[in-house]
Amino acid sequence: MSRGQWAKDLAMGVRFAFAGGREGWVRALLTAVGVGLGVALLLLTTAVPNMQSVRHERESARADIDYSYTDLKKSDRTLIVADVDTDFRNEDIRGRALEPEGARAPLPPGLEKFPAVGEMVVSPALKRLLESDGAKLLRERLPERIVGTIGESGLIGSHELAFFRGGDGLAPYIDGARVARIERFGDTSPTETQTDPVLLLLVIVVFVVLLMPVAVFIAAAVRFGGERRDRRLAALRLVGSDSRMTRRIAAGEALAGSVLGLVFGTGFFLIGRQIAGSVEVFDVSVFPSYLNPSPALALLVGLAVPAAAVLVTLFAMRGVVIEPLGVVRTAKPSRRRLWWRLLLPLGGLAMLWPMIGQGRDNGTFNEYLVIGGVLLLLIGVTTLLPWIVEAVVARLGSGGVAWQLAVRRLQLSSGTAARMVNGVAVAVAGAIALQMLFAGVESDYTKQSRYDTQRAQMQVSMSRGSQLDPAVEKFQDTKGVQQVYALAEGYLGERRKDPDMGAEMTVGDCASLRQAAKLPSCRDGDIFYVSNSEYDEDTPKLAKQPGRTLYLDPSYEGGPPRQEIAWTVPKGLKPARTQEDFMGMQRGGFLVTPKALPAAATPALQGQVFLKLDRSVPDAYDRVRNTATAADPLSYPMTWYSTQTADRYATIRTGLFVGAVCVMALIGASLLVSQLEQLRDRKKLLSSLVAFGTRRRTLSLSVLWQTAIPIALGLLLSSVVGLTLGAVLLRMTATPVMVDWTSMLSMTAVGAGIVLAVTLLSLPPLLRLMRPDGLRTE
Amino acid sequence: MTPPPGSLLAAQELRKAYGPTVALDGAEFSIHPGEVVAVMGPSGSGKSTLLHCLAGIVPPDSGSITYNGRELATMSDAQRSALRRSEFGFVFQFGQLVPELTCVENVALPLRLNGTSRKEAEKAALTWMERLEVDDLRKKRPGEVSGGQGQRVAVARALVTNPRVLFADEPTGALDSLNGERVMELLTDAARSTNAAVVLVTHEARVAAYSDREIVVRDGKSRDMERVV
Chain X
1 MSRGQWAKDL AMGVRFAFAG GREGWVRALL TAVGVGLGVA LLLLTTAVPN
51 MQSVRHERES ARADIDYSYT DLKKSDRTLI VADVDTDFRN EDIRGRALEP
101 EGARAPLPPG LEKFPAVGEM VVSPALKRLL ESDGAKLLRE RLPERIVGTI
151 GESGLIGSHE LAFFRGGDGL APYIDGARVA RIERFGDTSP TETQTDPVLL
201 LLVIVVFVVL LMPVAVFIAA AVRFGGERRD RRLAALRLVG SDSRMTRRIA
251 AGEALAGSVL GLVFGTGFFL IGRQIAGSVE VFDVSVFPSY LNPSPALALL
301 VGLAVPAAAV LVTLFAMRGV VIEPLGVVRT AKPSRRRLWW RLLLPLGGLA
351 MLWPMIGQGR DNGTFNEYLV IGGVLLLLIG VTTLLPWIVE AVVARLGSGG
401 VAWQLAVRRL QLSSGTAARM VNGVAVAVAG AIALQMLFAG VESDYTKQSR
451 YDTQRAQMQV SMSRGSQLDP AVEKFQDTKG VQQVYALAEG YLGERRKDPD
501 MGAEMTVGDC ASLRQAAKLP SCRDGDIFYV SNSEYDEDTP KLAKQPGRTL
551 YLDPSYEGGP PRQEIAWTVP KGLKPARTQE DFMGMQRGGF LVTPKALPAA
601 ATPALQGQVF LKLDRSVPDA YDRVRNTATA ADPLSYPMTW YSTQTADRYA
651 TIRTGLFVGA VCVMALIGAS LLVSQLEQLR DRKKLLSSLV AFGTRRRTLS
701 LSVLWQTAIP IALGLLLSSV VGLTLGAVLL RMTATPVMVD WTSMLSMTAV
751 GAGIVLAVTL LSLPPLLRLM RPDGLRTE
Chain P
1 MTPPPGSLLA AQELRKAYGP TVALDGAEFS IHPGEVVAVM GPSGSGKSTL
51 LHCLAGIVPP DSGSITYNGR ELATMSDAQR SALRRSEFGF VFQFGQLVPE
101 LTCVENVALP LRLNGTSRKE AEKAALTWME RLEVDDLRKK RPGEVSGGQG
151 QRVAVARALV TNPRVLFADE PTGALDSLNG ERVMELLTDA ARSTNAAVVL
201 VTHEARVAAY SDREIVVRDG KSRDMERVV
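Read top to bottom, the protein sequences are chains X and P. The numbers in the working numbering rise by one with no breaks, and the one at position 251 of the first sequence is 251. The numbers in the working numbering rise by one with no breaks, and the one at position 60 of the second sequence is 60.
Any given hint could turn out to be false.
Said to hold, decoys possible - Calculated lysine-lysine pairs in the DSS-like style (CA-CA distance at most 25 Å, straight line): (1) K683/X <-> K140/P; (2) K136/X <-> K612/X; (3) K139/P <-> K684/X.
Said to hold, decoys possible - Just a sample of chain P residues kept apart from chain X, beta carbon distances all over 10 Å, derived: (4) P5; (5) A17; (6) D25; (7) E100; (8) T127.
Since the hints were derived computationally from the structure, they do not count as laboratory data. Here a beta-carbon is modelled for each residue, glycine too, at the ideal position from N, C-alpha and C.
The following block holds chain P by itself, in its conformation from the complex (with noise of 0.2 Å):
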């Protein structure tokens, strides 16, 4: 199985099964740098599972998942927990942000876990927080702020390590129209900036509008979509 060339991330043939439940079934997936991707398909359908498997979080059963040209199923749990800190950026529907942390320390949090001192760490989240409109909740706590400006927190969580990869998991699924547009106008542009892909997991076509490319997964497969423009 070869990849697509000039593909930055591609499987092929995924299968995944929880139990009973097959999750993927021959899926297929490539994405480019500074591309945007989104996975489409209805609850169940299997995006989440695809998105986990791309991002090395979960093994798949068989099939192949290669990464800049490295083969994950490969790398040690060690290795792909390190190159999930440096190369990818996560983005979940709720944050996930660590409530007891403050919005700045969370957003440095990628950078300390990689070795970066707590100042220089400090100070490029404040850099990320600031493209993201959210410099002023700094020392705020998770708790006290909206779910908008959690979410663009989370988003500069996700690219303060200048990722080549961003995972972004329904970013918007908690979010109202107004809040979930600026989110996504703001995640898309900073990705782009930084010629950083964009896997992005939704079942909204407003939010697959950011995209440049679409797939759809139903029943574990992936087909890719024509834009109707």
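Pulled out of the complex, with its shape left as it was, chain X reads as follows (with noise of 0.2 Å):
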């Protein structure tokens, strides 16, 4: 066989792919978009990873504040950086405040030039915040002049809040954590990050769960108007087309689709990487330019769906024999077998079992193997799933007309049955078993907070040595707010450099002691001692050590110089019991009220403020972080939560619903499609039925049961595979296997409310083509 036949074979399969007139345009066209839609996800799939690089190279490309000291001196290069972060209404908002010391101080990427004291540089999207009617509070918080917009090279997303504004006097503050001195920007040291083992397996597990429903999506709609094309063949069979070239020509149909959907599918993403832009999930937005496809992977992908294509349908004609005279299913396939289809999910349990066991702490999961274990049960699902529909209504007994029809339709065809159900089937097992993953492990990455948020709900750490007491009257006078309570903290050592032993030193009035200790008695000008804090053994020597000098903020070697304050252990100090404090901490060391301190200590202490709100005031929350600015720009509010990170996973479990569900619909549009395509094969068939009389009802019926059963068992079959590959994921994981009904049974119900969504949209068009209209022949 000649190429040039080869050739000639498969360009008159690409003709025939948009003959046909009208349909044979809709048929080519619904086959484009549904492999464009599959395309087009798979492309997004392979521009992840550049995103996310992108996305960290940002990152490093702006680290200022590296959380370590080092002395280094001012110059003419040398900037302070002062981390001023915020956040308004539960949105980060990520702030610096810049003071360049010389002309060659460096500038952060996304700016041109510094901006002075009273102005403001900000991003694109804190801009559009700021002017938006409800941002008056922010607005307060941020009063300085916009003078110009971050650029992109200064931002990791589209929607990143983040400004950057004059500082002035920030030196004294440089302590390496909240504030600064550096020369250049950017990452000096960075660190292979260890990718937590569970959270890689959950992206591999959710990557592998989404992609299959799509993988088997594209095989559904390059088989989109097979009976014609079949009956398309067995004509050229009659003008003389061997087997051979009708297969040849089929995969040039086949061919023609994927490659136009391939075109459709570029421009889908073309269209979504835009889109991307300008939506937010999860707190993570990307610029489109973040959404550059692997090349590598892109290629696959363009190789990829034309080949599966071609092998689809050169797999899916084995079964059907071209005759010249017409299209022969054997009549009677042959019994499916159920020993290699059961070898497919047990080699995936095969590959995961290994990994049993492991947990989170041990090194990391082999890759390769949790994808070739996901992916092996997940093809079980589709493999399984023919045996089990046709075992099943081979033993189906006779019921009414409406199910005689169904269930005999079923015996003959049930591959065709379970192929429609396929995806959904694969969809929800995949989802299943990612929601009892999320659920299992959430209580793990969901930790319950120390914080007692009943005494408060928000903590504000004042700068080093600032004055409490001021600040305290401005929270009382903040709307919202109910009770204030103030602590300043310091440590004490016994020598004024390297101490080895050593206390805290926590000053308050006594309402705000009594909250973190209990005192016998208390009134102003009052010290005492925690005796029996269990990891506090100096204190209590100490405090028996009357007229013994210690020093307020001791210096460390390699450490900034510090305040080095005097302070002489008095007499008679009254012993204070310990007890939890807001922060869930049993505090030790001394107890010092505002009359007995000296005053010369204060600039060696640092105020906390803890403040109980009235959470039914409108924006009580941002109300204190005004304030703090107000009275401190170097403040630092934090928002206390009983528990963390739950909302979060919360997000996450919804955002894999509402993905699973995405993937569901695509999958039940292409049920759709094959459903039309079959009602309208049999539309002589369906004219002559109601011609002697059968009631549209009883059709409509068989339909509904037609797709019944077939999901009702794939969703079975789906439900344990789902749970068994759950449970494996989760032994894996070293967490207690414990299915999550709730999400077990909602994603059942989706791909069931699918299947009956197809059945009804199906129904208009079933009555349509039962209308007599359907016997005529000219």
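Take the two lone chains, each set in its own frame, and fit them into one complex as the hints suggest.
So this is what it looks like as structure tokens:
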């Protein structure tokens, strides 16, 4: 066989793909849209690694405060940066105050010049927010004049809220943690972060689970119009094509559809890429330029999709003998064998089994084994389902006419029915497993915070040495604040430098100190020592040495010079008993009322303000943040939650649910197309059934049964596979296996709902097709 | 408009158009119980449309159709469907058997649609299959039998309800002459034995020869033919 003949046959197939007038075009368009949606999703997936690395690079390039103290001297090349991050209605806002110390101070990425004091350069998203009607409170907190916009290179996402403002007098606050002197931006010692193996597992399974149904969808899309194509090929056989030629022509048709699908997919992807720039998911936004697929992976998609289309077509034609006088399907297909179908899921389990009990601390999971195992288990659904459908429908007894018509049709072509619901079954199985995994590990990633949110809901950390009393007054006057407690904290050492013994010093009025420890009695001027702190052995010893000099804020080797303020242990210290404070900590050390504190000690103390809020007051949290900024621009307000990260996990699970529903809706679309196609092919038969008096209700019910029986079996199988996979994944992470019935039932309900929707949507065309007009031949 | 006396099914002044195409233009028709009437004419002349109108499958644009004294136009769709289920039988050119049902289930289908139990319906179906010499095919599916056999199964299906009128639209159109003749013999014999009227649409003279009377449809108009013996 010459290459020329091959090419001619393929070209003829390509021509046939678009032939047949409007119907031909519609068929080609449907295939292309189906393949295109799958391709767009695949291209998006190939762009994800690049998106992550660009975000990481941008984050690295703008790194400034690295929480380490370096004794950098002031020069014309240095810049002082202060972290003035804030948040507004739970939206994080990255903020930096910049104080250049010379003409050659480094500019952060995204800025063309430094903002002066009283000026601010903001990200486009923050600019929009500040200009919006509801942002009055934020505008009060960020009153500086906006003089520019941060460029794309200074942002990690299109929706990032960020600002740079001019700073002044920041040098005394340099501590390496909130305020730092730097010579350049960028991470000087990037560290390879070890990915949490469980998170890696989640990511891998999410990708496999979401992409598998897409592959099933593409396979279904290239088979649109299959029956008509077979009849066309029969006509070609009549005029002399041999069976190999017809297969090549069929391959050409599939190729044309999938290549057009690639073009559509690229278009969908480019449109989606632009849209991606305007959305934010889980606080992550991207610029369209981030979403560049890796060339090698994009090429792989470009080659794999047409190749898969051709293979699927040829595979689908296995059971079909195209004769010159028509298409002959083996009337009684050979009975499906179970053994090799069982091998796939069992093989999948075998690949995952060695990783059971590995937990999350002992290194990483073998990602290839994970991908292979999950893939085999999910492919197992697609191979087992036809066998199960065949075995079950063969045993189904007779019922009414509608039931009989449906059961007989399923008995005759159970493979078609199983193929139609395969995608939904795979998506449901994967989603059940993932939801189980998420639900299982959620408790580990959701930490019950130690904070006592009954006593306080916010903490404001003031800058070192700032006066607390004026700040407390301002907080007390803030709308929504019910109670204010203020404690100033410091550390005492028995030497000026590198002390061996030490104790905390907490300063506050009696009411505030009572929140930190159990005091026998208290009036201003008293000093207490905590006598029974489990982790503080030094305080009781030091308390028994009145007259001994201790040093508040001692210095340490390698660190910045500290205050080293001398403080003498007074006589007659009262013992206090420890108790959990606002932060769930058992405090030790000396507890000092304001009158007992020497004035010189203030600069060595850091104020902490704890606030009890009336949460029914709108924007109480943001009002406190505004007060904090007004009292001390370098203060750091924090909102306390009783649990941490739970919300985020809930969001991810919701996202997963939405993703799975979208994938299933996509599959539902292909299900509808296949259903309509089958109905169109039976137009004449349906009309003749109506002609001899068959009720429309009977035929509609029969269509419903035809979809409902395989989907019920599919959902049953997918529940079993999903639960098994979920249990294995949980065992791999050494998490107790618990079935998340809510998500399982909701996923199953969505799958069933999609099939019901498909049936309902196919009813109007079914009723149209049942019109007696169908009997007309002219 | 009064139907001819003694007629079981009659149509007068029938008009039917599909868009700009006029299929029937004042066609007349009548048939008596036990009578076999062949409707002849070239392709596209309106034969099948006349059959579909007479059977209440397609409503005419104008004109009157009476069955057993009842005007079809006054019946609802459900009533006409019930009429087709219980009083009429149909045979089409390609059998139009339900491919997933076995032959006996296909034959039993009209009875089951009428509410007969499966067992009784299949028993009656088997009796008709024996009469049409296809009882050995009862467990086979339509895809496994020949065209002639399939058409005989379709005739059995049409007769199983003991219809008063049997509509046959080119029943031998897809068969060779030998098979075609056998099907016609069996069909007309069975109909006559039950006193059923047969409306036989065909364009083949040798098929029309099995009828008692011929009507020719041309350009939507019908005309009774004098039979030359």
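Quickly compare the C-alpha distance for K683/X and K140/P to 25 Å and report which way the hint goes. 23 Å, holds
Check whether the Cα positions of K136/X and K612/X lie no farther apart than 25 Å. Measuring from Cα to Cα gives roughly 23 Å; hence the hint holds.
Grab the minimum beta-carbon distance between D25/P and chain X and tell me whether it stays above 10 Å. Holds: least Cβ distance 16 Å, greater than 10 Å.
Please confirm whether T127/P is truly not at the interface, meaning its C-beta sits more than 10 Å away from all C-beta atoms of chain X. 19 Å, holds
Take a quick look at E100/P and tell me if its Cβ sits farther than 10 Å from every Cβ on chain X, holds or violated. At about 4 Å from chain X, E100/P fails to clear the 10 Å cut-off, so the statement is violated.
Looking at P5/P again, its CB stays over 10 Å from all of chain X? Given that every Cβ of chain X is farther than 10 Å from that of P5/P, nearest at about 29 Å, it holds.
Classify the label on A17/P as holds or violated, using whether its beta-carbon is more than 10 Å from each beta-carbon of chain X. Holds, because the least Cβ-Cβ distance between A17/P and chain X comes to about 13 Å, which exceeds 10 Å.
Distance restraint between K139/P and K684/X, which requires alpha-carbon spacing of 25 Å or less: 24 Å, holds
Of the numbered hints listed earlier, the single one contradicted by the structure is hint 7.
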